[in-house]
Structure formats: C-alpha cells, structure tokens
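Student: Sequence:
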Amino acid sequence: MLMILTRKKARVSLFTQMVLLISIVVLISMGIGTALFSFILDDILDRYIGQQAMTVAKMAAMDDDIIAAFGTAHPSDLIQPIAESIRISTGASYVVIGNKDGIRYSHYDPDQIGHRMGTSNDPVFLENRSVIYRGAGISGPAIKAKTPIVNSKGETIGVSSVGFVMSEVENRVAEYKSRVVTFSMLLLVIGIVGAFIIARRVKRLFYGLEPEEISFLFTEKAAILESIRDATVAVDMQGRVVSMNKRARALLQEDLTIGNPISSPQIRDIIHSVNRHTQETNHKILLGHEIFITDYSPILSNNEVRGVVFTFRPESEIEQLTEEITKISSFSDNMRAQNHEYLNRLNTIYGLLKLKEYDKALELITDEVKERQDILAFIMSSVKEPFIAACLLGKINRSKELKVSLELDQDSYLGDVPDHIDTKVLVTILGNLIDNAMEAALSHKRAEAMVHVSFTDLGKDIIFDIEDNGQGVPPDMESRIFESGVTTKPGENRGLGLAIVKNSLELLGGHITLGKSNLGGARFTIAVPMDKEQKKVEGANPDD
Numbered sequence: 003m004l005m006i007l008t009r010k011k012a013r014v015s016l017f018t019q020m021v022l023l024i025s026i027v028v029l030i031s032m033g034i035g036t037a038l039f040s041f042i043l044d045d046i047l048d049r050y051i052g053q054q055a056m057t058v059a060k061m062a063a064m065d066d067d068i069i070a071a072f073g074t075a076h077p078s079d080l081i082q083p084i085a086e087s088i089r090i091s092t093g094a095s096y097v098v099i100g101n102k103d104g105i106r107y108s109h110y111d112p113d114q115i116g117h118r119m120g121t122s123n124d125p126v127f128l129e130n131r132s133v134i135y136r137g138a139g140i141s142g143p144a145i146k147a148k149t150p151i152v153n154s155k156g157e158t159i160g161v162s163s164v165g166f167v168m169s170e171v172e173n174r175v176a177e178y179k180s181r182v183v184t185f186s187m188l189l190l191v192i193g194i195v196g197a198f199i200i201a202r203r204v205k206r207l208f209y210g211l212e213p214e215e216i217s218f219l220f221t222e223k224a225a226i227l228e229s230i231r232d233a234t235v236a237v238d239m240q241g242r243v244v245s246m247n248k249r250a251r252a253l254l255q256e257d258l259t260i261g262n263p264i265s266s267p268q269i270r271d272i273i274h275s276v277n278r279h280t281q282e283t284n285h286k287i288l289l290g291h292e293i294f295i296t297d298y299s300p301i302l303s304n305n306e307v308r309g310v311v312f313t314f315r316p317e318s319e320i321e322q323l324t325e326e327i328t329k330i331s332s333f334s335d336n337m338r339a340q341n342h343e344y345l346n347r348l349n350t351i352y353g354l355l356k357l358k359e360y361d362k363a364l365e366l367i368t369d370e371v372k373e374r375q376d377i378l379a380f381i382m383s384s385v386k387e388p389f390i391a392a393c394l395l396g397k398i399n400r401s402k403e404l405k406v407s408l409e410l411d412q413d414s415y416l417g418d419v420p421d422h423i424d425t426k427v428l429v430t431i432l433g434n435l436i437d438n439a440m441e442a443a444l445s446h447k448r449a450e451a452m453v454h455v456s457f458t459d460l461g462k463d464i465i466f467d468i469e470d471n472g473q474g475v476p477p478d479m480e481s482r483i484f485e486s487g488v489t490t491k492p493g494e495n496r497g498l499g500l501a502i503v504k505n506s507l508e509l510l511g512g513h514i515t516l517g518k519s520n521l522g523g524a525r526f527t528i529a530v531p532m533d534k535e536q537k538k539v540e541g542a543n544p545d546d
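Just so we're aligned, residue 3 is where the sequence shown starts under our numbering, counting upward by one.
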C-alpha cells in the first residue's frame with residue numbers, strides 16, 4: 003500500500019493525465035479544423051468574389067446607356083456617372099470601362115480617365131471571352147473580372163473591367179476567421195469541461211487507481227488465479243464462462259470453454275438461485291461422467307450479483323488424496339462399533355458374574371466368540387480379495403452399531419479378482435449400495451431393519467445382490483433413480499450415491515439393475531465382467 007501511495011505522489015495522476023490528454027486532443031482537433039476552415043474559406047471567397055466581379059462586369063457591359071455612349075463624341079461624360087453608380091451599388095472597388103485601345107472611359111479616380119488601362123485586355127479582344135484572375139493594378143492586388151462590351155451589331159466595342167481590391171477581401175476574411183476562432187475557443191472550453199467530467203467518472207469507475215496499479219492488480223489476479231490448485235471458473239449471469247485457470251482448462255476443457263454458455267442444468271440452476279448472501283460449499287455436481295465437489299460464491303458490484311465463481315474438485319481425486327485418512331477413519335469406526343458392542347457384552351457378563359450366574363455368563367461368552375469366529379471364518383474362506391473382505395467386515399460392524407441385521411448369504415463365494423478390475427472402485431460401489439440399503443431399511447422398519455447381501459463369481463461376471471426391507475423405489479422413479487439429484491430420501495444435497503455407483507460401474511464395464519426384494523424392499527444387482535475383452539464390449543453400451 004505504501005508503494006502505491008508513493009507511486010501516486012511520484013507520477014501525474016490518471017485524472018490529470020486524462021484531462022490533459024482530452025484537452026490536447028480537442029485543441030489539436032480545433033486547430034486543424036480552424037486551419038482547414040480558413041483554407042476552404044480563402045478558396046470559397048476567391049471564387050465567390052471572382053464570380054461577383056464577373057456579374058458586375060457583365061451588368062455594366064450590358065447597360066444600354068453605356069453601349070450607346072460609345073458612339074458619342076465624349077463617351078466618358080456619359081459612362082463615368084453610370085459606372086460609378088454601379089460601383090457604389092455593388093460594393094466593387096472599381097468599375098472601369100475602356101475602348102478597344104484600352105483607354106479608360108470611367109474610373110473611381112477621375113484623374114485616371116483617358117489613360118491606358120493597367121492590365122492586358124488580349125483575352126477579351128483577341129479571344130472574345132470573359133476572364134477572372136488575380137492581378138495588380140494602380141489600386142494594388144485585386145480579384146478582377148473582364149468581359150467584352152458588344153454593340154447591337156455584335157461587334158466588340160470595348161471592355162468592362164471590375165475589381166475587388168485584396169485589402170477589402172482580406173478584411174472580410176479576417177472577420178469570418180475571427181468568428182471561427184471565437185467559436186473554436188468556446189468549443190475548447192466545452193471540451194475541457196467535458197474532459198474533466200469524463201476523467202472524474204473514469205477515475206471513480208477505476209476506484210481511484212492509476213494505470214500502473216490497475217495493470218499490476220490485473221497481473222496479480224491472473225497469477226493468483228493460475229496458482230490455485232482447484233479448478234476455478236468465473237461465469238456471468240447468462241451462464242457464459244468469462245475466466246478460468248490452468249487447472250480448469252485441463253480438467254474441464256470438454257465441458258467448459260471461455261465465451262461459451264454452460265450446458266450443465268445443475269450449474270445453471272445454481273446461477274439463477276445465487277444472491278449476494280450466498281456462500282455454498284461442498285456441493286456435488288455431475289459433469290459428464292465424473293462427480294465434482296464444488297464451492298461457489300457470487301461476484302458483487304454495487305451490491306448486485308454480476309456473476310458466480312465456482313471451484314471444482316473431482317470426487318475421485320479427493321478420494322485418492324484422502325484414501326489414507328479414509329482407511330484410518332474406517333478403522334476407527336469399526337473399532338468404535340466393536341468397542342461399543344464389546345462394552346455392552348462386557349457389562350452384561352459383569353452383571354451375570356456379580357449375580358453369580360456363571361453358567362449363563364459362560365454361555366454368553368461362548369456364543370459371542372462363536373459368532374465372531376463364524377463371521378471371520380466365513381469371510382476369510384469365501385472372499386479372497388482383502389479390500390472387499392475388509393469392506394464387508396466393516397459394514398457388519400457398522401450394522402451392529404446401527405441395530406440393523408446385515409446377513410451374508412452363506413452360499414456366496416468370491417475368488418481372486420482379475421488384475422484389470424480396480425478393487426477400490428468395486429469397494430466404493432459395494433459400500434454405497436450397502437449404506438443405502440441399511441439407511442432405507444432403518445428409516446422404514448426401525449428395530450426390524452434387515453439387509454441381505456449375496457455374491458458370486460460363477461460364470462463370466464462378478465455379481466453382487468443387495469436387498470433390504472425398506473419401502474423400495476416407487477414405480478414412477480425406477481427409470482430415473484440412477485440420475486444425479488433423483489432420490490427417495492428427504493433433505494438437500496442427496497441423490498448422488500446411485501449416480502456415483504452407475505458412473506463407477508461404467509468405468510469397470512459393468513451395469514446395475516433394480517428389482518423387488520423378497521424382503522419387501524429394493525434389490526440392486528451389479529454385474530462386473532471378469533474378462534477384459536468382455537469389459538470393452540459391454541462397457542461401450544451397458545444397456546445392450
């Protein structure tokens with residue numbers, strides 16, 4: 003912050019720069035406009051005054067009294083008053099009438115009458131045409147027009163010459179230019195005031211920051227965004243992606259691209275529901291074939307929501323990163339469940355011993371040991387894959403804590419799982435289905451909740467059947483139960499477990515079916531092909 007304040011003192015502020023820049027632009031524009039206007043004005047006045055001089059010259063040349071005076075003994079006595087009257091009425095500097103020899107019959111200076119005209123009349127007498135030109139005579143530089151005087155027989159008998167002295171023309175031009183300059187100065191003042199207003203507005207929009215600070219903040223923001231390990235995406239209220247970091251481009255390039263609208267209906271629903279108080283975390287979203295955990299918060303401007311920032315983390319990645327923690331947590335849950343159960347048993351045994359019911363205490367101990375040994379013996383002999391065996395044992399301990407009867411079919415058997423099958427994914431699928439079954443049975447039957455699990459690897463597939471005595475799946479939801487967000491359970495952020503199961507099964511090339519359980523609830527059957535080639539074929543279209 004101190005560095006920014008120092009830079010503010012050391013440099014001219016953005017506000018001052020903008021005012022000066024706009025003022026200079028306006029000044030230069032007005033200067034160029036004034037110069038261009040002056041050039042055009044000079045050209046227009048030359049043409050206009052030349053045409054005016056020609057009009058006056060032709061008016062004098064066509065005057066019948068002037069033409070008639072050429073046949074008298076003293077033409078100048080008649081022509082001089084008429085020419086002066088025309089000069090005065092038209093504002094011309096001079097109106098000169100001359101004969102074919104170039105002798106003047108009229109002039110504003112009477113002393114010049116009878117003398118030869120100051121410029122050549124050859125174009126008039128030799129070419130019989132009218133001319134407009136700039137020339138210098140006894141009156142000085144002038145814009146002149148000459149035209150022949152023709153009698154009733156069509157003979158050229160003289161010349162009519164009219165001029166406007168340049169000093170008078172320049173006075174008119176100076177008057178017009180003075181008006182232009184005055185108007186330009188007025189526009190310059192308006193431009194400076196406008197520059198001041200625009201600069202204040204821009205400075206307010208930039209929060210008083212200087213260009214170097216804005217550039218630094220933009221670079222800093224880009225660096226921070228790229229350094230975030232989670233996929234981060236910013237969208238506007240129309241659902242268009244406006245920015246995303248490198249992680250998002252690598253992870254979501256098939257689903258999200260800058261400038262394109264988001265197609266996911268879940269994300270679009272979130273955008274429409276966001277308000278300035280929204281701060282949502284750990285929301286599950288299905289994009290393509292993968293589940294993402296997303297956090298999102300609004301982008302605010304003047305307390306109005308202008309967009310939403312999302313962060314995406316693949317659930318599979320989180321599972322990988324937290325695999326060790328999950329194992330420890332699972333072990334802890336199992337130990338806690340066992341400890342809880344053992345404490346109950348120990349308290350019971352302690353009570354029987356206190357009551358000196360030694361036979362009953364011995365019977366209880368024998369039954370407990372036998373049950374544990376039977377379960378361990380069955381799992382160890384029937385399930386060769388350690389991960390699946392550990393999963394089933396953990397769910398049995400969990401069921402005892404929940405007071406749910408979890409039974410394993412005694413005829414079930416699962417040998418070695420082929421190497422191409424990811425057992426961790428299979429454990430995720432199995433764990434989700436058993437948890438769902440226990441929750442469904444417990445919510446419907448309470449103390450009588452029951453779950454039955456059977457499995458086999460006979461044939462070409464590994465098959466698991468998970469049944470419960472819950473309410474089952476309503477007929478109208480059976481076709482949609484594997485879609486993300488569809489659930490029979492109340493509450494928010496549900497309906498993803500079966501979607502995860504289906505997507506995980508697609509990775510293994512397997513499929514899942516829903517049926518009616520003999521226990522009264524739902525039965526989910528999963529089949530995973532053990533043959534690698536079969537996995538490729540069935541994985542391409544699990545519905546075939």
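Among the clues, some could well be false.
[Claimed, not checked] Okay, derived cross-link-like pairs now, EDC-like style, lysine to aspartate or glutamate, Cα gap no bigger than 16 Å in a straight line:
| hint | residue 1 | residue 2 |
| --- | --- | --- |
| 1 | K462 | D421 |
| 2 | K402 | E450 |
| 3 | K534 | D463 |
| 4 | K462 | D533 |
FYI, nobody ran anything at the bench for these hints, they're computed from the structure.
Student: Which earlier hints can't be squared with this structure?
Tutor: Structure breaks no hint.
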